[in-house]
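Chains A and B, in that order, give the protein sequences. If you're matching positions, the first sequence starts at 117 in the numbering used here and goes up one per residue. If you're matching positions, the second sequence starts at 45 in the numbering used here and goes up one per residue.
Just so you know, these hints were derived from the structure itself, not from any lab. Don't take each hint at face value.
[Claimed, not checked] Derived DMTMM-like pairs: lysine to aspartate or glutamate, alpha-carbon spacing no greater than 25 Å straight-line:
id, chain 1, residue 1, chain 2, residue 2
1, A, Lys165, B, Asp113
2, A, Lys127, B, Asp113
3, A, Lys152, A, Glu266
4, A, Lys135, B, Glu75
5, A, Lys181, B, Glu105
6, A, Lys301, A, Asp201
7, A, Lys188, A, Asp157
8, A, Lys118, B, Glu87
9, A, Lys125, B, Glu121
10, A, Lys152, B, Glu75
11, A, Lys165, B, Glu105
12, B, Lys59, A, Asp201
13, B, Lys53, A, Glu124
14, A, Lys273, A, Asp157
15, A, Lys127, B, Glu121
16, B, Lys76, A, Glu192
17, A, Lys181, B, Glu121
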Amino acid sequence: MKIFKLGEKSKGVCSDCKKVVPTTFKLCTVPLSSGKGSVDDILAATCDKCDHVVSIPQQSTPRIKEALNTKKHSIEVRLPRHLLDILLLASDSFEIGNPELLKDSLIRHYIGRVESDKNLIKTIKKLSQSDFAKGAGYRLSLKVNDAIFERFERIRKLTSLNKTQILKGLILLINEDILQHPLKKKLNEVESALLASA
Amino acid sequence: MGLKDIRVKAIGCLKSGQIQHDTDRSGSIDEKNLLVSGQITVEEVIELIKQTKGGEFETSEHHYIKGLDVHLFKPSEWYIKCYFIEPDIFFISVHR
Chain A
117 MKIFKLGEKS KGVCSDCKKV VPTTFKLCTV PLSSGKGSVD DILAATCDKC
167 DHVVSIPQQS TPRIKEALNT KKHSIEVRLP RHLLDILLLA SDSFEIGNPE
217 LLKDSLIRHY IGRVESDKNL IKTIKKLSQS DFAKGAGYRL SLKVNDAIFE
267 RFERIRKLTS LNKTQILKGL ILLINEDILQ HPLKKKLNEV ESALLASA
Chain B
45 MGLKDIRVKA IGCLKSGQIQ HDTDRSGSID EKNLLVSGQI TVEEVIELIK
95 QTKGGEFETS EHHYIKGLDV HLFKPSEWYI KCYFIEPDIF FISVHR
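Let the sequences and hints guide you as you build the complete structure.
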């Protein structure tokens with residue numbers, strides 16, 4: 117596969133100069149046509165006459181795809197204070213960084229795990245309806261990308277629970293796995309996932 | 045050059061990675077171009093070009109570059125518009 121290098125020369129149709137022009141591959145921040153943001157530092161061919169961004173080589177596609185897929189969804193719920201404490205305690209137990217930041221990765225990991233496991237689906241449904249899950253009042257805001265949001269929505273359909281109930285079930289599952297009955301194998305698995313996303 | 049020759053040329057560029065994508069008039073990434081946005085693969089575009097029949101292919105002159113042929117493949121509801129500036133293929137559109 118042809119890979120263009122920084123500084124390499126090419127040709128292209130410049131829509132400003134209205135002709136075929138010599139171009140040079142440079143690192144550019146290129147806006148998206150929808151106006152919803154831009155992609156930083158991608159290789160693009162710019163017009164040697166007017167510097168207009170003329171074309172994008174195929175090798176820049178993964179960066180564009182990544183920028184388009186990192187669209188964030190917000191999951192906002194209100195939970196009892198003790199569930200937020202559980203989440204922070206569980207995140208802190210791994211000692212791999214700020215638990216406040218790590219807690220989001222921990223929930224995202226559990227969304228992925230639960231969505232693909234029928235038994236865990238049943239478990240979070242049960243946990244979300246337990247006495248320990250009762251209460252509200254403290255806000256939890258979670259930003260997730262398309263892939264995680266789709267999984268979260270699938271959990272919603274599979275369990276018929278609302279957003280708050282799912283979060284309660286997930287946090288109580290984290291409580292069981294990490295604080296109440298920790299198993300080395302499971303902890304290692306969660307730790308690897310958290311390290312990868314830290 | 046007819047469909048047969050353009051198809052060979054396009055597939056040759058796609059296989060060797062000599063691929064560029066036009067930006068839109070304002071110099072932005074055209075998100076509707078599903079190949080530059082990574083929603084379709086090079087291999088899938090090759091397949092679509094292979095599937096294109098004679099009646100699903102047109103060539104016209106670029107709207108402001110005289111002598112530059114723009115080729116349009118329209119297989120099964122797809123719309124693939126491109127031209128060549130040696131040695132590369134330039135995609136204007138790849139969408140449904």
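Hints versus structure:
For the hint pairing A/Lys165 with B/Asp113, the CA-to-CA distance comes to about 23 Å; that is within 25 Å, so the pair holds. At roughly 16 Å between alpha-carbon atoms, A/Lys127 and B/Asp113 fall within 25 Å of each other, so this suggested pair holds. In summary, the hint linking A/Lys152 to A/Glu266 is supported, as the alpha carbons are separated by about 21 Å, within the 25 Å threshold. Using a Cα cut-off of 25 Å, the hinted pair A/Lys135 and B/Glu75 holds, with the two alpha carbons roughly 23 Å apart.
The hinted pair formed by A/Lys181 and B/Glu105 fails the criterion: a straight-line CA distance of about 31 Å is larger than 25 Å. At roughly 24 Å between alpha-carbon atoms, A/Lys301 and A/Asp201 fall within 25 Å of each other, so this suggested pair holds. Between A/Lys188 and A/Asp157, the direct Cα distance comes to roughly 21 Å. Compliance with the 25 Å bound is thereby established for this hinted pair. This hinted pair checks out: A/Lys118 and B/Glu87 have alpha carbons roughly 15 Å apart, not beyond 25 Å.
Under the criterion of a C-alpha separation no larger than 25 Å, the hint pairing A/Lys125 with B/Glu121 is inconsistent with the structure, at around 35 Å. Distance restraint check for A/Lys152 and B/Glu75: the Cα-Cα separation of roughly 10 Å lies within the 25 Å cut-off, and the hinted pair is therefore satisfied. Of the supplied pair hints, the one linking A/Lys165 and B/Glu105 holds, its CA atoms being roughly 24 Å apart against a limit of 25 Å. Between B/Lys59 and A/Asp201 the alpha-carbon distance is near 54 Å, which puts this suggested pair outside the 25 Å criterion.
A C-alpha spacing of about 23 Å is found between B/Lys53 and A/Glu124, which places the hinted pair at or below 25 Å, so the restraint holds. For the given pair, A/Lys273 sits about 39 Å from A/Asp157 by alpha-carbon distance, which is inconsistent with the 25 Å threshold. Taken as a hint, the A/Lys127 and B/Glu121 pair is broken in the structure, with Cα atoms around 31 Å apart against an allowance of 25 Å. A C-alpha spacing of about 31 Å is found between B/Lys76 and A/Glu192, which places the hinted pair above 25 Å, so the restraint is violated.
As the CA atoms of A/Lys181 and B/Glu121 are separated by approximately 23 Å, the hinted pair is consistent with the 25 Å bound.
Violated hints for the displayed structure, listed by number in ascending order: 5, 9, 12, 14, 15 and 16.
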